[in-house]
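Q: Required output: the full structure, derived from the provided sequences and hints.
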Amino acid sequence: MAQREANRVELLPRIQQIVDNRFMDTKPPARHPITCEFDGETHKATYWVAGKILTVATRKGGNSKQVGTMEPEVLARQLLLELVKAGKA
Numbered sequence: 001m002a003q004r005e006a007n008r009v010e011l012l013p014r015i016q017q018i019v020d021n022r023f024m025d026t027k028p029p030a031r032h033p034i035t036c037e038f039d040g041e042t043h044k045a046t047y048w049v050a051g052k053i054l055t056v057a058t059r060k061g062g063n064s065k066q067v068g069t070m071e072p073e074v075l076a077r078q079l080l081l082e083l084v085k086a087g088k089a
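Following this note's numbering, the numbering of the sequence shown begins with 1 at its first residue and continues without gaps.
Keep in mind that the hints were calculated from the coordinates and are not lab data. Where hints are given, some of them may not hold.
Said to hold, decoys possible - Simulated crosslink set (DSBU-like; lysine-lysine; CA at most 35 Å straight-line):
1. K65 / K85
2. K27 / K52
3. K52 / K85
4. K60 / K85
5. K88 / K44
6. K85 / K44
7. K27 / K60
8. K44 / K60
Claimed, not checked - The following label-pair restraints were derived from C-beta to C-beta distances:
9. T69 / P13: 18 to 26 Å
10. G68 / R31: 18 to 26 Å
11. P13 / Q78: 46 to 54 Å
Please read all numbers here as calculations on a predicted model, not as lab measurements. Beta carbons are placed, not taken as given, at the ideal position from N, Cα and C, and that holds for glycine.
A: Printed below as a string of structure tokens:
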């Protein structure tokens, strides 16, 4: 029983190190402002890329799509325009 407890105590620092390393690399993605013109009005949103997924968010809604060969800013503007046309921007 004492040996089992000693092994457990020795493992605790290693477990904590693994947990710390796992969460150290999970910073929130950087957010970028984006605008588009539609019917003479400027619409604003924010976009970010997490992994391979780009998300555009407005006050009224959001949309996500996998980033392919298109530049993220171009895709973000396209998604914002879709939100504007759907009345979600």
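Q: K88 and K44: Cα distance at most 35 Å?
A: Given pair K88, K44 holds - Cα atoms ~11 Å apart, limit 35 Å.
Q: Given the proposed pairing of K44 with K60, does the C-alpha separation stay at or below 35 Å?
A: holds (11 Å)
Q: Under the criterion that the straight-line Cα-Cα distance not exceed 35 Å, is the pair K27, K60 satisfied?
A: holds (26 Å)
Q: Is K65 close enough to K85, meaning Cα to Cα at most 35 Å?
A: holds (17 Å)
Q: Just to be careful, I want the Cα atoms of K85 and K44 compared with a cutoff of 35 Å; is the pair within it?
A: holds (13 Å)
Q: Hint says 18 to 26 Å; check whether the CB-CB distance for G68 and R31 agrees.
A: At 21 Å between Cβs, range holds.
Q: Holds or violated: 18 to 26 Å for the Cβ distance of T69 and P13?
A: violated (45 Å)
Q: Is the hinted pair K60 and K85 satisfied, with a Cα-Cα distance of at most 35 Å?
A: Since the Cα atoms of K60 and K85 sit roughly 12 Å apart, the hinted pair holds (cutoff 35 Å).
Q: What's the verdict on K27 and K52, does the C-alpha distance respect the 35 Å limit or exceed it?
A: holds (15 Å)
Q: Do P13 and Q78 keep their Cβ atoms within the hinted range of 46 to 54 Å?
A: holds (49 Å)
Q: Given the hint that K52 pairs with K85, does the C-alpha gap stay at or below 35 Å?
A: Judged against 35 Å, a Cα distance of about 25 Å means the pair holds.
Going through the hint list in order, the structure does not satisfy hint 9, though it satisfies all others.
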